[in-house]
Amino acid sequence: MAEVTMRVWRGDANGGDFENYTVAQNEGEVVLDVIHRIQATEAPDLACRWNCKAGKCGSCAAEINGKPRLMCMTRMDTLPEGPVTVTPMKTFPIIRDLVTDVSFNFAQAEKVPALLPPPMPENGYVMFQEDVQRGQEFRKCIECFMCQDVCHVIRDHEGNKQHYAGPRFFIRYAELEMHPLDTNDRRDLIREDMGLGYCNITKCCTEVCPEHIKITDNAIIPLKERVVDAHYDPVAWLGRKIRRKTKRSASDAAVQPAP
Amino acid sequence: MTYEHHDYDVLIIGAGGAGLRAAIEAKQRGLKVGIVTKSLLGKAHTVMAEGGMAAAMGNVYPEDNWMVHFRDTMRGGKYLNNYRMAELHAKEAPARVLELEQWGALFDRTKDGKILQRDFGGHRYARLAHVGDRTGLELIRTLQQKVVSMGTDVFMECKILKLVHDDQGKVAGCVAYRRPTGEFITFGAKAIILATGGAGKSWKFTSNSWEGTGDGHAMALWAGAKLIDMECIQFHPTGMVWPLSVRGLLVTEGVRGDGGVLRNSEGKRFMFDYVAPMFRAETAESEEEADKWYDDHTAGRRPPELLPRDEVARAINAEVKAGRGTPHGGVYLDIASRRSAEFIRRRLPSMYHQFMELAGVDITTESMEIGPTCHYIMGGVQVVADTAATAAPGLFAAGEVAGGMHGANRLGGNSLSDLIVFGKRAGAGAAEYIEAGDVAGPMNRDQIDAAVAEALAPFDREAGENPYDIQRDLQEMMQANVGIIRTQSELDYARGQLDTFTERVKNIKVKGGRAYNPGWNLATDLPAMITVCKAVTIGAILRKESRGGHTREDFPGADPEFGKFNFAHSTNGGNWDSEIVTAESPLLPMPEELKALLEEEK
Chain A
1 MAEVTMRVWR GDANGGDFEN YTVAQNEGEV VLDVIHRIQA TEAPDLACRW
51 NCKAGKCGSC AAEINGKPRL MCMTRMDTLP EGPVTVTPMK TFPIIRDLVT
101 DVSFNFAQAE KVPALLPPPM PENGYVMFQE DVQRGQEFRK CIECFMCQDV
151 CHVIRDHEGN KQHYAGPRFF IRYAELEMHP LDTNDRRDLI REDMGLGYCN
201 ITKCCTEVCP EHIKITDNAI IPLKERVVDA HYDPVAWLGR KIRRKTKRSA
251 SDAAVQPAP
Chain B
260 MTYEHHDYDV LIIGAGGAGL RAAIEAKQRG LKVGIVTKSL LGKAHTVMAE
310 GGMAAAMGNV YPEDNWMVHF RDTMRGGKYL NNYRMAELHA KEAPARVLEL
360 EQWGALFDRT KDGKILQRDF GGHRYARLAH VGDRTGLELI RTLQQKVVSM
410 GTDVFMECKI LKLVHDDQGK VAGCVAYRRP TGEFITFGAK AIILATGGAG
460 KSWKFTSNSW EGTGDGHAMA LWAGAKLIDM ECIQFHPTGM VWPLSVRGLL
510 VTEGVRGDGG VLRNSEGKRF MFDYVAPMFR AETAESEEEA DKWYDDHTAG
560 RRPPELLPRD EVARAINAEV KAGRGTPHGG VYLDIASRRS AEFIRRRLPS
610 MYHQFMELAG VDITTESMEI GPTCHYIMGG VQVVADTAAT AAPGLFAAGE
660 VAGGMHGANR LGGNSLSDLI VFGKRAGAGA AEYIEAGDVA GPMNRDQIDA
710 AVAEALAPFD REAGENPYDI QRDLQEMMQA NVGIIRTQSE LDYARGQLDT
760 FTERVKNIKV KGGRAYNPGW NLATDLPAMI TVCKAVTIGA ILRKESRGGH
810 TREDFPGADP EFGKFNFAHS TNGGNWDSEI VTAESPLLPM PEELKALLEE
860 EK
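Protein sequences appear in the order of chains A and B. In terms of our numbering, the first sequence is residues 1 to 259. In terms of our numbering, the second sequence is residues 260 to 861.
Hints in this document: simulated from the structure, not taken from any laboratory. None of the values given here were measured: they were computed from a predicted structure. Any given hint could turn out to be false.
What the hints assert, rightly or not - Not everything, but these chain A residues come out facing chain B in the computed CB check (under 8 Å):
# : residue
1 : 29
2 : 90
3 : 95
All residues carry an ideal CB built from backbone N, CA and C; glycine is no exception.
When you get a sec, could you build the whole thing from the sequences and use the hints?
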């Protein structure tokens, strides 16, 4: 049985350091298997999040050799020889060891104005595959938040979290804006409060997406065009000057009609 | 000591499909609702469901209706089901699926723009609404987004330790701890809905995540509710067997619904040799006949690969035992030779991805090696079908933690629909219970203090055992002795071992502090795991027959006498190490018109 040395960051909000663990490694194992072996033997209090261990829940995101990855989908035999470094996601505050406080993302989710569909016909809505397909790509998102972690707008500038939703929520907005049933208009919100303009299309988010969602090409760029069209269209601009358009705020729009 | 405390009308434990659907219902009825989950929101086991949710909408086969779905569910469950649950489920599932689209779900479509439905084992018609092979994710995200848009309090990474009564014995709240800080927290509630999911983590080869420890089953039992059918455990026929690190990881039944077949090491499509008499009339006799069926269900009878899960799992087990297994002890699941690469990638994207990345297998060109894996517990908390009420006043249960709906064996696709049908009913049941006014008073302080003291004890011991060692040994013991095929001597051995495990748990030593300490969290899981294992083992000992997810080597046939009741467990004392008392609980008598539905097809 082979052995491997894992350099795992241990600590909390007050600081911490790397600890080395040399443990067994079997054929076909992923990083999470080895982390679990450390927990089961040397360090039962090593904190890490995980749920499905199948790449479906997005709980076990961490930075492996400096790159955001799902620990459950990273095979040990794909990593270079030598010690493997595992650190928590950098963009979020540390709770303990590999566990970070990702509440930023849940706060963003609360700001999203919900789908506003027309009343449902008795036998359900009619939608065609071509129309749902675009949204389906974005709904593959498993909320691992690695795109948020790697996005330099918030990774390098903590203060931007106040006015920047991040790639995960840009695909959520894109999904809603492209939803065949939606009647809500979130364009001003996206431009003014969600900071879409801060994204300068470096595609770091697309690169790390474990679901291979084309975040930049299929969501952010079309969303930018849509927002820009709405805002800089001269006719629309004149219209707004004359009659200030009623803007739906997130909280207004979140109130759904009674079902 | 005082703890952080919150009061709700309805407190929901668990944030999977059932819990979230219950929350929506209770919120819509104007109640103050709190949700507690031991993980982050949106990570519950529901996300792992792949194939779809069964609902007789008739979008693909207009012949389909609730009566056929009811019949399929009862037959799949080997008639051990709570018929009323199966009836409500079959009738209400279509409306529950449709309403998801109001909240943003995007299902795959038929050519005329309706929700597309796919074939699954045991369902007579193509009936599963789905989104590729990630239907569970779609369900949880849709419900999660709806719950968030309604402004619901969600306590994430908060683990409930024990339910607490008032002085009259009604369920009045619970004690929990926040995982990030290790601080205790109490919740008072007029009604509590358990939606805690399953218990499969006590087996070695399992599709369940760390969360499937049966906390809800155990807490309900301790609080005075009853558990039924605990011996009925579903071993999903197609879990990955290689590499070892992903052993148990699920391969959706959709692979077989879309044309995949099972072959042994000789290349033989062996399922034709394992068609039980009950299913012969509607199962194809030859490969030619079976292959016609995929395109037109009226041109041939169903392929035997689509028999209910218990039948397929037993057949695979038998092939491997007869020496016709794969190098890693499974059989082959082959879709590569039967469908185009493009078709496979479009219909089964997650499976393609999963095998490519984890096993280095391209399922568009190679066969998958698969074998049975512990997947689902049919048994659970005994409930009143219409309201989800348990025997403990103030306590409700929905989803996998509830028992009765699936009888002795669950059909694929009936779980996601179970969550939304009975999640909604639990929310309504709790609301009606509160409206009736006779709700619990304040929580009994002694019970709170006892639960906290019990949780902290593993820190205080001078020395003791590592909880991970106990968990590993428990999983190995249950896999070996209370697995897919059971026999008296092994079950007796397991029952004795579980008493030894009880003593070992009382001697756990936890290292480190209270903040986000997985070792401590496991120490708090083990009492529930052992309680559930005891109920499973006792049920398996008593049920001296084979039925659905309970197979006895020493009693290979079904015995009609055992088809008349469930084994119902309660405790003598309400502590985790209290004695479990088991009695026969007769099945609900079925109305004649429903009986007629079952008779027609026999």
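Hints, one by one, checked against the model:
1. 29: holds, 4 Å
2. 90: violated, 18 Å
3. 95: holds, 5 Å
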